[in-house]
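**Q** Sequence:
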Amino acid sequence: MAQVINTNSLSLITQNNINKNQSALSSSIERLSSGLRINSAKDDAAGQAIANRFTSNIKGLTQAARNANDGISVAQTTEGALSEINNNLQRIRELTVQASTGTNSDSDLDSIQDEIKSRLDEIDRETQFNGVNVLAKDGSMKIQVGANDGETITIDLKKIDSDTLGLNVLT
Numbered sequence: 001m002a003q004v005i006n007t008n009s010l011s012l013i014t015q016n017n018i019n020k021n022q023s024a025l026s027s028s029i030e031r032l033s034s035g036l037r038i039n040s041a042k043d044d045a046a047g048q049a050i051a052n053r054f055t056s057n058i059k060g061l062t063q064a065a066r067n068a069n070d071g072i073s074v075a076q077t078t079e080g081a082l083s084e085i086n087n088n089l090q091r092i093r094e095l096t097v098q099a100s101t102g103t104n105s106d107s108d109l110d111s112i113q114d115e116i117k118s119r120l121d122e123i124d125r126e127t128q129f130n131g132v133n134v135l136a137k138d139g140s141m142k143i144q145v146g147a148n149d150g151e152t153i154t155i156d157l158k159k160i161d162s163d164t165l166g167l168n169v170l171t
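Letter by letter, the sequence shown follows residues 1 to 171 of the UniProt record's numbering.
If you are wondering where the hints come from, they were derived from the structure by calculation, not from laboratory data.
Values in this document were obtained by computation on a predicted structure and should not be read as measured data.
Even glycine gets a Cβ: it sits at the ideal position worked out from N, Cα and C.
It is possible that part of the hints are untrue.
Simulated crosslink set (DSSO-like; lysine-lysine; CA at most 30 Å straight-line) [said to hold, decoys possible]:
#, residue 1, residue 2
1, Lys42, Lys20
2, Lys142, Lys117
3, Lys142, Lys159
4, Lys117, Lys159
5, Lys158, Lys117
6, Lys158, Lys137
7, Lys137, Lys117
8, Lys42, Lys59
9, Lys142, Lys158
10, Lys59, Lys142
DEER-style ranges, computed between Cβ atoms [said to hold, decoys possible]:
#, residue 1, residue 2, range
11, Lys158, Lys117, 36 to 42 Å
12, Ser105, Glu79, 46 to 52 Å
13, Ala99, Ala65, 49 to 55 Å
Assemble the whole structure, with the sequences as input and the hints as a guide.
**A** Laid out in structure tokens, this is it:
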């Protein structure tokens, strides 16, 4: 007995076309829902590689901007500390001029000396930024300000206290 296979070729062609259209529709819906032209490397391999490189650069530059802002904050913190040191130095100068007059009693001179000591202690107090004592020792701080290696700015920090200012003779 011979076997007969009935094939409806028109139905197979139609089914194949439906599958292709379903796949294209799925891809279009994915693009529409994500808002991206390239969702995967199969959409555009070269475009995906370029997009990945741009994304990497953008993330690097975003972090570099945060780093630069931290550097600005360090500079502002240090500037504020130096301003306070200047205010204390002005007051110490005022007190030494006041003490050099011969009209002060011993009690007055003791009070003046106590305030000078207090001002010197304030100068020696360490100003911190993120746990770093910015005026405690000579050194430098590198800040990455670009997306690539070597794109840095160096901030030189100097030790400032009553000894480095030559004020240890006042105590």
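**Q** Does each hint hold? Answer for all of them.
**A** Hints versus structure:
About 16 Å separates the Cα atoms of lysine 42 and lysine 20, which keeps this hinted pair within 30 Å; it holds. Proximity of lysine 142 to lysine 117 is assessed by CA-CA distance (about 35 Å); at most 30 Å being required, the pair is judged violated. Distance hint between lysine 142 and lysine 159 is fulfilled; the C-alpha atoms sit about 17 Å from each other, no more than 30 Å. As the CA atoms of lysine 117 and lysine 159 are separated by approximately 20 Å, the hinted pair is consistent with the 30 Å bound.
Of the pairs offered as hints, the one joining lysine 158 and lysine 117 holds, with about 23 Å between alpha carbons and a cut-off of 30 Å not exceeded. A distance of roughly 6 Å separates the Cα atoms of lysine 158 and lysine 137; the hinted pair therefore holds under the 30 Å criterion. For the given pair, lysine 137 sits about 22 Å from lysine 117 by alpha-carbon distance, which is consistent with the 30 Å threshold. A hinted pair counts as satisfied when its Cα atoms are at most 30 Å apart, and lysine 42 with lysine 59 qualifies at roughly 24 Å.
The hinted pair formed by lysine 142 and lysine 158 meets the criterion: a straight-line CA distance of about 14 Å does not exceed 30 Å. Our distance criterion of 30 Å between C-alpha atoms is met by lysine 59 and lysine 142, whose separation comes to about 20 Å. The hinted range of 36 to 42 Å is not satisfied by lysine 158 and lysine 117, whose Cβ atoms lie roughly 24 Å apart. Checked against the given bound of 46 to 52 Å, the beta carbons of serine 105 and glutamate 79, roughly 40 Å apart, lie outside it.
Take alanine 99 and alanine 65: their Cβ atoms lie about 51 Å apart, and the range 49 to 55 Å holds.
Of the numbered hints given earlier, the model fails hints 2, 11, 12; all others are met.
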